[in-house]
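Participant: Listed here are the chains, written in short residue letters.
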Amino acid sequence: DAGITQSPRHKVTETGTPVTLRCHQTENHRYMYWYRQDPGHGLRLIHYSYGVKDTDKGEVSDGYSVSRSKTEDFLLTLESATSSQTSVYFCAISEEGAESPLHFGNGTRLTVT
Amino acid sequence: RKEVEQDPGPFNVPEGATVAFNCTYSNSASQSFFWYRQDCRKEPKLLMSVYSSGNEDGRFTAQLNRASQYISLLIRDSKLSDSATYLCVVNGDTDKLIFGTGTRLQVFP
Chain A
1 DAGITQSPRH KVTETGTPVT LRCHQTENHR YMYWYRQDPG HGLRLIHYSY GVKDTDKGEV
61 SDGYSVSRSK TEDFLLTLES ATSSQTSVYF CAISEEGAES PLHFGNGTRL TVT
Chain B
114 RKEVEQDPGP FNVPEGATVA FNCTYSNSAS QSFFWYRQDC RKEPKLLMSV YSSGNEDGRF
174 TAQLNRASQY ISLLIRDSKL SDSATYLCVV NGDTDKLIFG TGTRLQVFP
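Quick note, the sequences are listed as chains A and B, same order. Using the numbering used here, read the first sequence as starting at 1 and increasing by one per residue. Using the numbering used here, read the second sequence as starting at 114 and increasing by one per residue.
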């Protein structure tokens, strides 16, 4: 299995608080992605990165920011958590962007109360 | 029209049956196609890539039909352990892969 670690695995937080999720990879892959998965919507792309300090928005980026200061780490921040951001968040990596398959971390289950 | 569409199912089949899923995509310029499997409350895992000429991996066969813009997954001799949700994935613009919402398969004894 690809070396991808997400932390925390579970988190409960209150509305209005900032939250940061971490994704760490040991594969030295250039591309990293953050998805959220909700019933009826499938996996939706939040943000992705195509290199250190190079990031771009996905289809559901509002309310989220990302940073990638090292190849191995990709952070997702919810600036002010809302109940609509309760979801399962998956980090994924790939070698060649959309030309190669994604490999996923175990996911972070976030609940915003 | 959604970029990637799948029948949500569920497909309920007996062990040993053959079952097929289709997935349609809207971007005629798409070049990368994959099938993923996702078990309940787990991360998606790559099942197989889909190549232009079609490809097979054991009991699983994937096909691409560019003219009609769909890909298919055929599972032969279904096992109980095949019960899962199968996600179709297609590349969209730039470096993004677009996921279908998945087709649920339930194999019963």
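Hints are computed from structural coordinates only; laboratory data are not their basis. These figures come from a predicted structure and were not determined experimentally. Just so you know, even glycine gets a beta-carbon here, dropped at the ideal spot from N, CA and C. Among the hints, erroneous ones may be present.
In silico DSSO-like pairs for lysine-lysine, Cα to Cα no more than 27 Å straight-line [what the hints assert, rightly or not]:
id, chain 1, residue 1, chain 2, residue 2
1, B, Lys115, A, Lys11
2, B, Lys192, A, Lys57
3, B, Lys155, A, Lys11
4, B, Lys209, A, Lys57
5, A, Lys70, B, Lys209
Among chain A residues calculated to face chain B with C-beta under 8 Å, some are [as the list claims (entries may be wrong)]:
id, residue
6, Gly16
7, Thr17
8, Pro18
9, Val19
10, Phe104
Participant: Under the criterion of a CB-CB separation shorter than 8 Å, is Pro18/A in contact with chain B as hinted?
Facilitator: Violated, about 25 Å.
Participant: For the pair supplied as a hint, Lys192/B and Lys57/A, is the alpha-carbon distance within the 27 Å limit?
Facilitator: Given pair Lys192/B, Lys57/A is violated - Cα atoms ~40 Å apart, limit 27 Å.
Participant: CA of Lys70/A to CA of Lys209/B, is that 27 Å or under?
Facilitator: holds (21 Å)
Participant: Holds or violated: is there a CB of chain B closer than 8 Å to the CB of Val19/A?
Facilitator: violated (20 Å)
Participant: Restraint: Phe104/A near chain B, CB-CB cut 8 Å. Satisfied or not?
Facilitator: Check passed: Cβ of Phe104/A comes within 4 Å of chain B, closer than 8 Å.
Participant: Have a go at the Gly16/A hint: is there a Cβ in chain B nearer than 8 Å to its own Cβ?
Facilitator: violated (28 Å)
Participant: Regarding the pair Lys209/B and Lys57/A, is the alpha-carbon distance no greater than 27 Å?
Facilitator: With Cα atoms ~10 Å apart, Lys209/B and Lys57/A stay inside 27 Å; holds.
Participant: For a C-alpha distance cap of 27 Å, please report whether Lys115/B and Lys11/A respect it.
Facilitator: Violated: Lys115/B and Lys11/A sit about 32 Å apart, past 27 Å.
Participant: Are Lys155/B and Lys11/A close enough, with their CA atoms no more than 27 Å apart?
Facilitator: With a Cα-Cα distance of about 16 Å, the restraint between Lys155/B and Lys11/A holds, given a limit of 27 Å.
Participant: Does the closest beta carbon of chain B sit nearer than 8 Å to the beta carbon of Thr17/A?
Facilitator: violated (25 Å)
In the structure shown, a violation is registered for the earlier hints numbered 1, 2, 6, 7, 8 and 9, in ascending order.
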